[in-house]
Amino acid sequence: MIDTAEMLQAFAPHRGDSIVIPGRGGRHWTQISDQPNRDLPVGDPAMGGHASFGLGVAMSLPDERVILFDSEGDILMNMGALPTIAEKAPKNFYHFMLDNECYATTGGQPVPNAKNIAYDVIAKGSGYPATYAFDNLEDFATHLEEILGQPGPVFVALKVNPEVENTPIGARVRWQTRSRTQVIDDLKGELGIEGP
Amino acid sequence: MTQHAEGELSPEVVMAEMKKNGVTHVVWLPDSETNFLYLLMEADPDLDLIPVSREGQAFSTAAGLTVGGKKPVILIQNTGMMESGDSLRGWGLSLNIPVVMMVGYRGWTRHGVNTDTAATYTERFLNAFGIQYYLVENGEDAPRISVAFEEASRTRRPVAVLVGDEYHGFNR
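As they're listed, the protein sequences go chains B and L. With my numbering, the residue at position 113 of the first sequence is 158, and numbering never jumps. With my numbering, the residue at position 43 of the second sequence is 201, and numbering never jumps.
Since the hints were made in silico from the structure, they are not lab data. Keep in mind that the hints are not guaranteed to be accurate.
Stated by the list, open to error - Derived, one-sided and incomplete: chain L residues facing chain B with beta-carbon distance under 7 Å: (1) GLN215; (2) GLY226; (3) GLY227; (4) LEU251; (5) PRO256; (6) THR267; (7) ARG282.
All of these numbers come straight from a predicted model, not from anything done at the bench. We put the beta carbon where it would ideally sit given N, CA and C, even for glycine.
Could you build the full structure based on these sequences and the hints that come with them?
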């Protein structure tokens, strides 16, 4: 199992100018990122949508490398997003998926068939040209340059330690420092994108 | 160009509305009411079609495209729209995404007795989410599509166009 914060620390030097959608890794990434205006920590607008959101960002900004840290719970909710991504095949899209085998934000209940799903195989079968799966940080770090050095879409499944939250949502400390609208406006400002 | 009966909603008219409003991407899932557009859209080099397999994906995809400065339109059926409530809420409304969704109005009858619950709940669903909508049944209604685009842009919210027509050009 991989520690998510350590994984993101290992990724950070490889980030370059990429646009990063930190997804479920948002709480850690906001502490690590050195280019917050190129990040899209939109939190969890509606579970299951990050993959399609990442696809949209990647297709709209083909000259930018777009990196998404998705989760297995999100993928399970909208697995049909994978064939769409594979069909559109954005060369600038790198799809990392954190698999903690559970719904951590609701108390750690297991996702269906939690320990027996090969998400990299599902992505490969959906048409992703390149897929990987890692369950330890060293192997992941060793392959990062190779992963990011090839054209997308690339899918990377990562077994991570669950960070289970068991307090009521209203009692949790918010890690977001900007509103969703502000996050989007900041990225648009950074990239010189006009319009609503 | 295929001939259409006078007054009916032709795909060419709908396409013209899309072009006039600068649509760059069509995020869609096929349905009978909007099928008539497919061949035209596919043949247009300026439109990028993104097929989804569940309508909720359309809202998050459109959100991503909008963040990057593009102008998507969503093309789905009312049944799928209703299944997509949380995506519409989270990826559309909470991110202030100014997107027009053209929704095939399955079951819509102006004068007949409605026998399809898909139609029964369509406008109730949109009202529950506070989504403004415009009904388009024929060519004369087509300018309402531009009204929807203008409203979405001005309010930074999703706006619906209910397409109460079907089958024209279905078997081209």
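Results for each hint:
Satisfaction of the interface hint for GLN215(L) is found here, the shortest Cβ-Cβ separation to chain B being roughly 4 Å, below the 7 Å cut-off. Taking 7 Å as the C-beta cut-off, the interface hint given for GLY226(L) holds, the closest approach to chain B being about 2 Å. Taken as an interface hint, GLY227(L) checks out: its beta carbon lies about 4 Å from the nearest beta carbon of chain B, inside 7 Å. Given hint, LEU251(L) at the interface with chain B, is violated; its Cβ is 9 Å from that chain's nearest Cβ, farther than 7 Å.
Checking PRO256(L) against chain B: minimum C-beta separation of about 5 Å stays under 7 Å; hint holds. The restraint placing THR267(L) at the interface with chain B is violated, with a minimum CB-CB distance near 32 Å, outside the 7 Å limit. Evaluation of the ARG282(L) hint against chain B yields a violated restraint, the C-beta minimum of about 21 Å exceeding 7 Å.
Consistency with the previously given hints fails for numbers 4, 6, 7, ordered from lowest to highest.
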